[in-house]
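Let's have the full structure, built from the sequences with the hints guiding it.
Going down the list, the sequences are from chains B and L.
So in the numbering used here, spot 240 of the first sequence is number 240, and the numbers just go up one at a time.
So in the numbering used here, spot 71 of the second sequence is number 71, and the numbers just go up one at a time.
There may be inaccurate statements among the hints.
Claimed, not checked - What follows is a list of derived Cβ distance ranges for each label pair:
hint, chain 1, residue 1, chain 2, residue 2, range
1, L, 149, B, 347, 27 to 35 Å
2, L, 154, B, 366, 26 to 34 Å
3, B, 405, L, 12, 31 to 39 Å
Hint data in this document are derived by calculation from the structure and do not stem from the laboratory.
Glycine included, each C-beta is placed from N, C-alpha and C at the ideal position.
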Amino acid sequence: MSILHLAVKSLSNRKTTALLTIFSIAISVALLLGVERVRVEARNSFTSTVSGTDLVVGARSSSLNLLLYSVFHLGNATNNITWETYQELSSNKAVAWTIPIALGDSHQGYRVVGTAQTLFEHFRFGDDQPISFKNGKPFDDLYDAVIGSEVAAVLGYQAGQEIVLSHGVESRSLQTHQDKPFRISGVLKPTGTPMDRVVMISLEGIEALHIDWVNGAAPNALFSVSADRARLMDLQPSSITAYFVGLKSRVAAFRYQRAVNEYRQEALTAILPGVALGELWQLVGSAEKALLAVSVMVVIAGLVGMLTTILTSLNERRREMAILRSVGARPWHIFTLMMTESLIYAITGTLLGFLLMYGMLFAIQPVLQMQLGLHITIALPGMFEWILAVAIVISATILGAVPAWRAYKNSLADGLTVRL
Amino acid sequence: MSSLGQPVIHLKDVQFGWQPGTVVLDIPELLIHQGEKVFIRGPSGSGKTTLLGLLGGVLTPVAGVVSVLRNDIGRFSPARRDHFRANHIGFIFQMFNLIPYLSVVDNVTLPLGFASKRRENVQSMGVDARQEAIRLLNHLELTDPQLLQRPVTELSIGQQQRVAAARALIGRPDLVIADEPTSALDSDTREAFIRLLFAECEAAGSTLVFVSHDSALEALFDRSVALNETNRASQYRPLGQPEVV
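This is how it looks when you write it as structure tokens:
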């Protein structure tokens, strides 16, 4: 009878503790794998909040600030870009398309983004995914609005509903654009990006809202322009907040960036969104490292639990070892038997952990995709997973040597007769 | 009584002590021949455990020669002594002889996994390990096929001891050492067990060394040795002092 056979039979004789030990290792392994997977996916998702856009251009400021207000709609722009400058820079030969954005208004705490139809055509996020509609269609009329999935879910809005926008971005704005209500033309699918939390209207819509405003103040009744009259007026905006650029060739990115940064008439900054997002993740991403460290600790706890289980079983198994010795087992057979036991714990625990993790991924993937727009790819075990599996088996071998050595010494001291 | 065969066990001027200066075993001479069934009467404190340790090659003498099958096993390396024990000696202990998580048959065939010579002995009989185990069990009057499937922990003590005897006998070891194998049995089953053991030892050609404090069984054996007379150390140590284990 082989040592492996003996070890398996011996373990199955102590089913409850053996299964609990294996299960605790499996849970710790699944936790660590899951945390790592979510960590990687969260980083990927974050750094691809904007993809396919080569540059983001705004008034001169730090790249982080520009990124925060243009992509995440956090904080405010230091200045605007004049319409003329935007026209000139976007007619550069290297430029394939641009998406202008104008910020400054809000609705129930959600930012209103004035933009152009090019957004629905060219904006990409994540793994080169375009914006798609849960229902409805892009804005078409002057008073049409497209809302993000979170806006729709939280406020309970549907396509066709009318909403009133507020002036300014404070969550409880005092001034509203009551005279010019908007109709929701479409609701976006979840993206897992700031796009879920915006109300999008056309640049002309933004202009129409403010056509009768003077120096940032609401008009009095005498000078106010009705919604229908505004339609007939010239609605070309005088400025925008920032714009996204897609180039014909990526190679031109640095040249275009320099052209923007050195533009004479206006002080501007152009950033590469991927680089800026990476820098931002460095700032906010330290929590995920802490989470990973905690998961590693849990795996260590699982392995120490295994060591405890084996060590406590040693005393009650001294007779078993003595019997094995009396039928001819050498002390190193006893050592191997104990090592085999540790390895069985570690290998089946790790395998079960992988199964648990993949099972959980398959279960929660659709939920995450639907609720948070966070897409988790389910792939075969990669480098990290293999290294982890090997590390656990090596650790178990090292830890398992402790009880194995004790059993070896015991069996030498006890010989063939243990009287308990 | 048959004529004496080759010496199987020969102890000459053997001394053993756990610490230098103390002697728990001091045997000038002990000779056991092939095919003999020897009763060693050993009350507690007579050095019984130590003697078994020496014969099994778990202990080595401080002085003198322990010769088993004409091998001076005291001079063997520990690994070689282990090999030697596995190949040539079958043990039966007082109780709790069996591995609780193995089946009856697996318990009996267990030594074959560690002893190549006994494995070859079984093969040379033209049967596999399982068949040989069942044959031995049948000879020891464990014939119920259902019984053989049951966990060993559900067997009675008498049945367990017969399984242990089958395990000691499998592969025809040259020497079977039984250490108080009957002390947990009642007097009826005790004698029946010994007769079965005798029959199987004769069939296998194994020498039997039977150690017990129960002199009632003495008459059944070819010969008996009183350990406290043979062991000079037990005479200069007061009886009743705890035996060193």
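To see whether the hints hold, each was checked on the structure:
no.: 1; hint: L:149 x B:347: 27 to 35 Å; verdict: holds, 30 Å
no.: 2; hint: L:154 x B:366: 26 to 34 Å; verdict: violated, 51 Å
no.: 3; hint: B:405 x L:12: 31 to 39 Å; verdict: holds, 37 Å
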